[in-house]
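**Student:** Taken in order, these protein sequences are the chains called A and B. For the first sequence, position 333 (counting from the first letter as 1) is numbered 378 according to the numbering used here, and the numbering increases by one without interruption. For the second sequence, position 19 (counting from the first letter as 1) is numbered 64 according to the numbering used here, and the numbering increases by one without interruption.
Take these hints with a grain of salt, some might be off.
Just so you know, same-sequence chains aren't split out, so a pair can sit in one copy or run between any two.
[As the list claims (entries may be wrong)] When the alpha-carbon atoms are kept at most 25 Å apart in a straight line, the in silico DMTMM-like pairs for lysine to aspartate or glutamate are as follows:
(1) Lys-383 to Asp-629
(2) Lys-596 to Glu-364
(3) Lys-605 to Glu-252
(4) Lys-277 to Glu-419
(5) Lys-383 to Glu-601
(6) Lys-537 to Asp-283
(7) Lys-605 to Glu-249
(8) Lys-606 to Glu-249
Everything labelled a hint here was simulated from the structure, so no lab data went into it. If you're wondering where the values come from, they're calculated on a predicted model, not measured in any experiment.
2 protein chains.
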Amino acid sequence: MILSALLTSVGINFGLCLLFFTLYSVLRKQPGNAHVYAPRLVAEGKSMRSDFNLERFLPSASWVRKAWETSEEELLALSGLDGVVFMRIFVFSIKVFTFAMIIGFVLLPINFLGNQLTMDYKDLPNKSLESFSISNVNDGSNRLWIHFSAAYIFTGFVCYLLYSEFKYISSKRITCFYSSEPMIHQFTVLVRGIPVSSGISFSESVENFFTLYYPSTYLSHVIVRRTSKLQKLISDADDLSRRLLHMKSTKYSQQGRKVNLLDHYEKKLESLVENVRMEQSLITGQEVPAAFVSFKSRFGAAIALHIKQGINPTEWNTEAAPEPQDVYWPFFSASFTKIWISRYVAFVACIVFTVLFFGPVVLVQSLTHLDQLETWFPFLKGILSVTFVSQVITGYLPSLILQLFQHYVPPTMILLSSIQGYIGHTHIEKSACYKILWFTIWNVFIANVLSGSILYQANVFLELKNIPSVLAVAVPGQLLTVYSPKHETNGKFWPIVHNSTIFSLVLMHIIAIGIFGLKKIPLASGFMIPLPVMTLLFNNYCQKRFIPLFKSYPAECLIKKDQDDQSSGTMDAFYEKLVNAYRDPALVPIQTPGNGDGRYSPLLQGTEV
Amino acid sequence: MILSALLTSVGINFGLCLLFFTLYSVLRKQPGNAHVYAPRLVAEGKSMRSDFNLERFLPSASWVRKAWETSEEELLALSGLDGVVFMRIFVFSIKVFTFAMIIGFVLLPINFLGNQLTMDYKDLPNKSLESFSISNVNDGSNRLWIHFSAAYIFTGFVCYLLYSEFKYISSKRITCFYSSEPMIHQFTVLVRGIPVSSGISFSESVENFFTLYYPSTYLSHVIVRRTSKLQKLISDADDLSRRLLHMKSTKYSQQGRKVNLLDHYEKKLESLVENVRMEQSLITGQEVPAAFVSFKSRFGAAIALHIKQGINPTEWNTEAAPEPQDVYWPFFSASFTKIWISRYVAFVACIVFTVLFFGPVVLVQSLTHLDQLETWFPFLKGILSVTFVSQVITGYLPSLILQLFQHYVPPTMILLSSIQGYIGHTHIEKSACYKILWFTIWNVFIANVLSGSILYQANVFLELKNIPSVLAVAVPGQLLTVYSPKHETNGKFWPIVHNSTIFSLVLMHIIAIGIFGLKKIPLASGFMIPLPVMTLLFNNYCQKRFIPLFKSYPAECLIKKDQDDQSSGTMDAFYEKLVNAYRDPALVPIQTPGNGDGRYSPLLQGTEV
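Build out the structure end to end from the sequences listed, making use of the hints.
**Tutor:** Quick look at the structure:
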């Protein structure tokens, strides 16, 4: 790229930026756009003032000031700790890139003053940007030691930032925990592998076990039941009720034959609902050896969670309970052996799927080579000679097929993750995301090995470097009005940013070692080696120092918080809520549809179909 | 090897076996040998009957019967669970080798009937043993499928044995735990990283923390103190006292000048003892931020052990306490950061030591090549030409130097392990053993790469295969009289046997895959692949199913046992013992030596110098 091209590009982008800024500041003030620019306010029932004035149509920068002036406390109250951490990641990225820019301004003249790349000095605008890069510094030049120092200084600065962020966010996690309301899932553990005892049900077994060993802290339990048949019935009834509702709303326009059909459907729906009711009353016998066990204190739940319960390690297995609305009820594999097997099955299936996906890729590649296709299938010769057909096949079909196949990747990965035995939607989605990441890396890798470009592979990894900036791409002002938290992780995603930053630093060091080698200054290359080692040691220290706080809360916090709650006097009301919190939506008594007002109400409450 | 040579060897070994058996059965009955053949009885104060009779000098097999007839219950009472597990390993090995022998007898004729190796049938005694091995089966012969089946059957049998042993031993661990007396270390955790609080000592800090958060289960604590100076003084005093004692016992034979020296030494010792007493009284201020914290119940200790205690993960770190007599007091690094750093330092030092040890190996190798030595150091030519010198240098010196260097390996590794932050002698020794194992593998590997023989490397790994038989090499009858358990692990070493057996099986499978390939029967090779996969899956299942029981006892057991203890009414006496159990031997008040009877009593009680 040449300098003038770069400057043109900068100019165009700056202009576009200004245009979008103006448009945004006007459009966001129109009440009609509230659902786009302030969905959070809409969801909360607050609406914008719709009085007409000139100010509404003048571009202004007031929102920037507002976004800038919002304090962390306000943000915390509005969007939770996740919002705050998100903002801090944004600010962290700005700091890193600003520092990198400052270092860049120091290095630019040094690079420019080199003469490794021979150039014409008179024609500056047409100069290649290469003359500003390290390639222009003379081989073996002592000036390279400035680059060397820059790597050390930059790494030191970033590590300092990382450490202070990690420290700040983890202390914030504790503060938020202290100030939070009691939450259902903090008091509950999921118990799997309840052993079969002759004569008594799983529910009695759980009751006996926990009243015996945790008499002072055990509160209640909810046994999981096999509801797959019921779920099918309810979803059928739901479909029918939806169709009926649609017909009713149009019945006045189409009299006659339709009314009979309507009667028929209504009868069918009634029998279905009757069936659901019967199944719900029968379900009590169909217990799964798993239960949500609730305790009177967070520390009680933590004890049951962290200490192996049963003599047989395959029985009485405990794990952290997800939030009640996050439970994924359908695939509730419960026994140790079943989970053990399904985990391997999912692992193998994921590998097979990822490898087999290579098939469509090859197919698509063959489509772009029509001549090869003709050699393989000679009978296609006639059709392929038609220009339109060949254009569609080489131009449109390949991307269509790939898109089609790629469309099935996420649902497949979610299915695989769900049979692995995860119990929370969030866990399933997280696991599926990792699967898709590996899937993508593998397929891009294969595709690029085939296309022979090794640089593309490096790109895949370099993309990881962008995670902080990708995360930071959202305009912070929008957190105030757009972002509505569904699920609070208390900043559990910060370690991802930390790890990818460390990864990028080490990658930078490795590249630097290579460049100093190429630039014939092996001493710098050698002295560069301690830097990645120290960075990794720093990372290891951070992991040990902070990560435990991102996994579970320590005894000190749990007990303190429990004591506070006990003295607040509100716990009895909370316990009542706790007892009924974990409930399979398929077991909620269903409402009869079409009760006069004609408005549609879903049969299956609380589920997202 | 030829057949006749094998038979001769078998004959000689059988004869020797008979001879040793006879000698053993006579010698073990002589009272004078009691300290060799029955040290356990001697230690327990029981002595053999020393009445003279003829029976004493006749070889007999009664001890075999006695060893055979000893039931597991008797063995458990005599030698603890470790003894029982040791015996079971012995029996397990016999079972495996018997089964292998049976399979061998089926395979031998099949191998022998092949004619891959052309031979003369008339001269059977001089035949190579190769004709009995799989090499003699014809390439591509269907008879190889019998070998194939043998691998599957043998693996299945061994896995079945492993599973039932694992199950039996882990259930036995629980039974023994239930029937055991309360043990000090079960009620105690070691806490490191006690944070500095202004104004109060570490001891007060521990007291405050645990009375606040564990008011119902916390019992007491013992703070660790810096006693390195004291230990030096005591060891000096101990040396002097020993020398004094030696002089006193010989003073009557050497009168005169010696008496003055004796007086001088006695004065010096007195001042040393005074010093020790003063140091002991001053030591209260020199607290280390580490403490042994004891609880009223095992479950209380388990909670403190398994749940992170402090808000800062580098503070209030808990780990299982070793038995009081097993504590390694000298290197008591306490802070998180110190342990973190010293772990890396020890790791790097171990690698450096292992790699640098290659120096002596090269030196030794150069000594065996005198001509090279002469080229390097021409001035040695004269000396080296003397036959005796050259013989010593090439024959004796190399092994002497190697032995000398190898002599320093175990103490070095123990030193490295002790600075790593382990707190128990047993942990330090275990860690040192692993270091020595890797050291040996690395050095043998290097030595063999140099000597170019790749087969030697395989041998190193094959040696692992022998662990069960090495462990089983001790005659079981001796467990009854020789083995005196110092430290009970409750069969914690069984997983080592399990893992090495699995390793050997998988190695066998890999070799089988190779052999079937060489024998041109690729189908068998292919069908062999699932076997190691299944074996590893089996191993993974066993790890999940049983290993947790070998790491810590589950809540169910701990609480049950605690409840039993509470109802037994003996706990108050035990608590008194518990409070004073962890005590640095350097802080025990010292006795004045030479108190009349002239018998030597060590100044430093309870330490092994």
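**Student:** With reference to the structure, classify each hint as holding or not holding.
**Tutor:** Hints and how they fare:
no. : hint               : verdict
1   : Lys-383 to Asp-629 : within (21 Å within a copy, 50 Å between copies)
2   : Lys-596 to Glu-364 : both (13 Å within a copy, 19 Å between copies)
3   : Lys-605 to Glu-252 : between (28 Å within a copy, 17 Å between copies)
4   : Lys-277 to Glu-419 : neither (48 Å within a copy, 91 Å between copies)
5   : Lys-383 to Glu-601 : between (36 Å within a copy, 24 Å between copies)
6   : Lys-537 to Asp-283 : neither (37 Å within a copy, 57 Å between copies)
7   : Lys-605 to Glu-249 : between (32 Å within a copy, 19 Å between copies)
8   : Lys-606 to Glu-249 : between (31 Å within a copy, 23 Å between copies)
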